[in-house]
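All chains should be built: construct the whole structure from the sequences, respecting the hints.
What follows is each chain in one-letter form.
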Amino acid sequence: MTDQQSQAHAGEAQTAQADMSGVTEKQMRRMRRFDNPWRNPKLMWGVGILLGIVAMGILGRIFWDPDLVFVGSAMPRQAPYGFENLRGQEGLLAHPLGTDGSGRDMLAAIIIGAPNSLFVGLLASLVGMSVGIVLGFTAGFVRGRTDDVIRVLSDVMITIPPLLILVVFQAAYGDVTLTMMALLIACFVWQSPTRLIRAQVLSMRESGYVQMARLSGASTSHIMFREMLPNLVPYLFGSFIANVTTSIVTAVGLEVLGLGPQRIPTLGRTIYEAINAGALIQNLWWWWGLPTLLLAVMFIGLLLINLGLDEVSNPRLRKL
Amino acid sequence: MRLTKAVLLSSALALTAVSGAMAQNVAREDTVIFDLDRTISDPENFNWFTPGTKRMHGAHQTMWEPLFILNYGSGEVEPWLATGFEANEANDVFTISLRDGVAWSDGEAFNADDVLFTVEMALGNEELSSREAATIRAQVASVTKIDDLTVEFTLNAPNPRFIVENFGVRIFGSFLIMPEHVWAGQDPATFTFFPPIGTGPYTYTSSATNRAIWDRNDDWWGAQTGFMDLPAPQRVVFLETGGEESRAQLMVTNQLDAAQNVTIGTFEAMQAQNPAVIAWYEDYPFAAADPCARQLEINTTVAPWDSAEMRRAVAHIIDRSQIVNVAYEGTTTASTTMFADYGSMAPFVDAIVEAGYGLPERADVDAAQALIEGEGWTRNGDYYEKDGERLAVEIHVNSASTEYTRTIDVIVEQLQRAGIDARSVPVENGVFWGEVLPFGAYEMSYSWLSCGSVNEPWASMGRYTVADVVPVGERSPGFNNTSRWDGAGAEAYSAIVDDIGNRALGDPEIPALVAEAYQYLDAEVPFIPLVQAAKLLPFNETYWTGWPTNENYYNHPFFWWNHTHQIIHNLEKVE
Numbered sequence: 422m423t424d425q426q427s428q429a430h431a432g433e434a435q436t437a438q439a440d441m442s443g444v445t446e447k448q449m450r451r452m453r454r455f456d457n458p459w460r461n462p463k464l465m466w467g468v469g470i471l472l473g474i475v476a477m478g479i480l481g482r483i484f485w486d487p488d489l490v491f492v493g494s495a496m497p498r499q500a501p502y503g504f505e506n507l508r509g510q511e512g513l514l515a516h517p518l519g520t521d522g523s524g525r526d527m528l529a530a531i532i533i534g535a536p537n538s539l540f541v542g543l544l545a546s547l548v549g550m551s552v553g554i555v556l557g558f559t560a561g562f563v564r565g566r567t568d569d570v571i572r573v574l575s576d577v578m579i580t581i582p583p584l585l586i587l588v589v590f591q592a593a594y595g596d597v598t599l600t601m602m603a604l605l606i607a608c609f610v611w612q613s614p615t616r617l618i619r620a621q622v623l624s625m626r627e628s629g630y631v632q633m634a635r636l637s638g639a640s641t642s643h644i645m646f647r648e649m650l651p652n653l654v655p656y657l658f659g660s661f662i663a664n665v666t667t668s669i670v671t672a673v674g675l676e677v678l679g680l681g682p683q684r685i686p687t688l689g690r691t692i693y694e695a696i697n698a699g700a701l702i703q704n705l706w707w708w709w710g711l712p713t714l715l716l717a718v719m720f721i722g723l724l725l726i727n728l729g730l731d732e733v734s735n736p737r738l739r740k741l
Numbered sequence: 008m009r010l011t012k013a014v015l016l017s018s019a020l021a022l023t024a025v026s027g028a029m030a031q032n033v034a035r036e037d038t039v040i041f042d043l044d045r046t047i048s049d050p051e052n053f054n055w056f057t058p059g060t061k062r063m064h065g066a067h068q069t070m071w072e073p074l075f076i077l078n079y080g081s082g083e084v085e086p087w088l089a090t091g092f093e094a095n096e097a098n099d100v101f102t103i104s105l106r107d108g109v110a111w112s113d114g115e116a117f118n119a120d121d122v123l124f125t126v127e128m129a130l131g132n133e134e135l136s137s138r139e140a141a142t143i144r145a146q147v148a149s150v151t152k153i154d155d156l157t158v159e160f161t162l163n164a165p166n167p168r169f170i171v172e173n174f175g176v177r178i179f180g181s182f183l184i185m186p187e188h189v190w191a192g193q194d195p196a197t198f199t200f201f202p203p204i205g206t207g208p209y210t211y212t213s214s215a216t217n218r219a220i221w222d223r224n225d226d227w228w229g230a231q232t233g234f235m236d237l238p239a240p241q242r243v244v245f246l247e248t249g250g251e252e253s254r255a256q257l258m259v260t261n262q263l264d265a266a267q268n269v270t271i272g273t274f275e276a277m278q279a280q281n282p283a284v285i286a287w288y289e290d291y292p293f294a295a296a297d298p299c300a301r302q303l304e305i306n307t308t309v310a311p312w313d314s315a316e317m318r319r320a321v322a323h324i325i326d327r328s329q330i331v332n333v334a335y336e337g338t339t340t341a342s343t344t345m346f347a348d349y350g351s352m353a354p355f356v357d358a359i360v361e362a363g364y365g366l367p368e369r370a371d372v373d374a375a376q377a378l379i380e381g382e383g384w385t386r387n388g389d390y391y392e393k394d395g396e397r398l399a400v401e402i403h404v405n406s407a408s409t410e411y412t413r414t415i416d417v418i419v420e421q422l423q424r425a426g427i428d429a430r431s432v433p434v435e436n437g438v439f440w441g442e443v444l445p446f447g448a449y450e451m452s453y454s455w456l457s458c459g460s461v462n463e464p465w466a467s468m469g470r471y472t473v474a475d476v477v478p479v480g481e482r483s484p485g486f487n488n489t490s491r492w493d494g495a496g497a498e499a500y501s502a503i504v505d506d507i508g509n510r511a512l513g514d515p516e517i518p519a520l521v522a523e524a525y526q527y528l529d530a531e532v533p534f535i536p537l538v539q540a541a542k543l544l545p546f547n548e549t550y551w552t553g554w555p556t557n558e559n560y561y562n563h564p565f566f567w568w569n570h571t572h573q574i575i576h577n578l579e580k581v582e
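The listed protein sequences derive, respectively, from chains B and A.
To convert, take the position in the first sequence, counting from 1, and add 421; that gives our numbering.
To convert, take the position in the second sequence, counting from 1, and add 7; that gives our numbering.
Calculated from the structure, these hints are not laboratory results.
One should not assume that every hint holds.
As the list claims (entries may be wrong) - Derived list of chain A stretches under chain B, where covered just means 3 residues or more per stretch with a C-beta under 8 Å from a C-beta of chain B:
(1) 243–252
(2) 255–266
(3) 269–282
Said to hold, decoys possible - The following residues of chain B were derived to be distant from chain A, with all beta-carbon distances above 10 Å:
(4) Arg450
(5) Asp576
(6) Phe720
Yeah, the Cβ is synthetic: ideal placement off N, Cα and C, and Gly gets one too.
Structure follows, in structure tokens:
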């Protein structure tokens, strides 16, 4: 961490005069904030958006009836409050975001569905990353036969299009649980972290502090996880977030095809049902529009986190 | 120089060959495009005796003609390739007279030899598994040729419905006669019959997994003999549209003339964007009554559903009015019996209801839970459990239509709330009909397998007799008794149903016998009737008029049936 802080200071020196004369008060404030690179505005906005979705899931379950998410809970095809549907019926406050074609409440669908989609992404990415970290470090540090096996395995796996395999698998098994789906997706998101971490470790193992640790007789696992891992943290986070995005895209892709969990509401499944029931031609925009909007917000949040993490790990990207 | 000439000549020849192979262009206004709700898995196989999409992609609507067509409006059996039939006093010998002058599209005459050949082929080959072939095998003892245009059938048992059941397009198809001069010497179980020929006014042009194209044969026998004019459309296309949204968009943009079932909301949206789109009724509920009432099929060999008490519990949980309101948006009505609620079925439906076996619209969850608890299950949290095992059920549903999946979504929810961990297993159309249903590879499923009765009760009731019970893993003959309902109750039921089958149509004792047999269905519940089926089929009047409607009721509008010949003959080009 000390390394990075000194880098951060070096970055400031490039943009401001050495005597700080040309720096406004505002820029000074921002610079002080950059003393802690983690207090990055993009990062905080991104995290805020995702926490907002989680909070909506938690608070929604307390203040709204989650059972409304099931078929036949309300009159179908009601418009959101303040709008009219094709038959000219006014939206009701009882279902402020309207209902879908099978009488599910859209607010409940979003309260339950959005955290579910996020959960699949996080779990799949977490599992995939953990596997990737262990394999990547092992390959890069141990080298030799182990490296060959891991490298070939990840190189082969990276060429297989995940959606193809997952579609076949899920079509064969029909209904799967959310966790099951996340684990399936995890099988396809470990390769690129493995390759990238391996490359980083290969260059890092030659650096002075690792050589020093080795000379001091530190064990392999100590060097790998105590000495090298902390230096990779911002990078790992970036890779993790990119994986979350990939996993959510994959999960939504499967759900929009009608695969994945049948009864557990997710944003992708809601879109699938909307398309399947002709929601576009019936102008039931709230049915497909709200989940699409929420997915867009979720992706923007993830993107902001990724950009923020980039700036944390690469001070040159920071602007005053 | 000679080389150049040779190259030019051969390329010219090649071009001619290619353009000959490609069908000539037919203008859109001379083409009628029907919607197909399934993929044609084997587009170059026309052996309709074997499973798969071999008929409803236009083959039996344009190319293969039936002997008779039942008119749903008048109840008459109208002759088509045949001119009439006679039955003996006992109703076990039938003589069919064939129309003179009918010819196959390759010029060969259609006659008694073709009928004899096809029927004997079905009788002698157990592998021919289509429903129509299985029915012929079950009913016909022998068939003989009297002369070139007369055939005599001797039946195993009296059957006053023999003609309409086998040759009259009562439900979906009929026993189609195949050309002897093409099929002779072939193995009927594996022969692909490609390219196919028929007697109809259209011939096969091309097919792929998502479409089949049929072009008019201007030398059709019917026009030459004066039986009927040539139909107006020069080309008929059956196109897989896939899903309600694309179906609706194609209709709105006039790229489709007849669409499969859509939900009422979609239909209203289509009509708002394209006023040329019509349906059976001009107004709500728009949809035509389908003779195949919907039901929940139960495999009675799989625990815990092998217990009649458990099946009755499920029957109590079903809330039909919710299915009507949510899945059908009020376009249909709840079933009171297994039968279609046609006026002609009223005496039998009334007899069942009077005997106290009519089905309620609303659920009685308390009664259901008492039955489940009586079987030793105890509720633990959301679900019932016994010996540490949760009471769960998988319901297989055909994913081809929103109607099917939405109904099962509603039922899953009803069962879940009553404490049964139900979930739906959507499967592709071909897998559903080819593997799940006939082999009993399901616990419960959504279908319409008691379909059959239109004006008498036997056709439906006769589908659940013990004679058709086969073990799980073997194919149920003609989708009959896929529940594999067996035991003392089923035997008593079968005895009464056999008695009904042997009586003449209109025997005054039949309603009482129906009610008597129905007590066993009521007690043992081998399937649960749900709702009447209604099909909202949008037709497009931009290019063609003359579609079947309630005002123009020459026959019903189900254009995937064998009677669609009549629809195509009734179409008039919009000038």
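Do the hints match the structure? See the list:
| no. | hint | result |
| --- | --- | --- |
| 1 | 243–252 | holds (count 3) |
| 2 | 255–266 | holds (count 3) |
| 3 | 269–282 | holds (count 9) |
| 4 | Arg450 | holds, 53 Å |
| 5 | Asp576 | holds, 34 Å |
| 6 | Phe720 | holds, 24 Å |
The structure agrees with every numbered hint stated previously.
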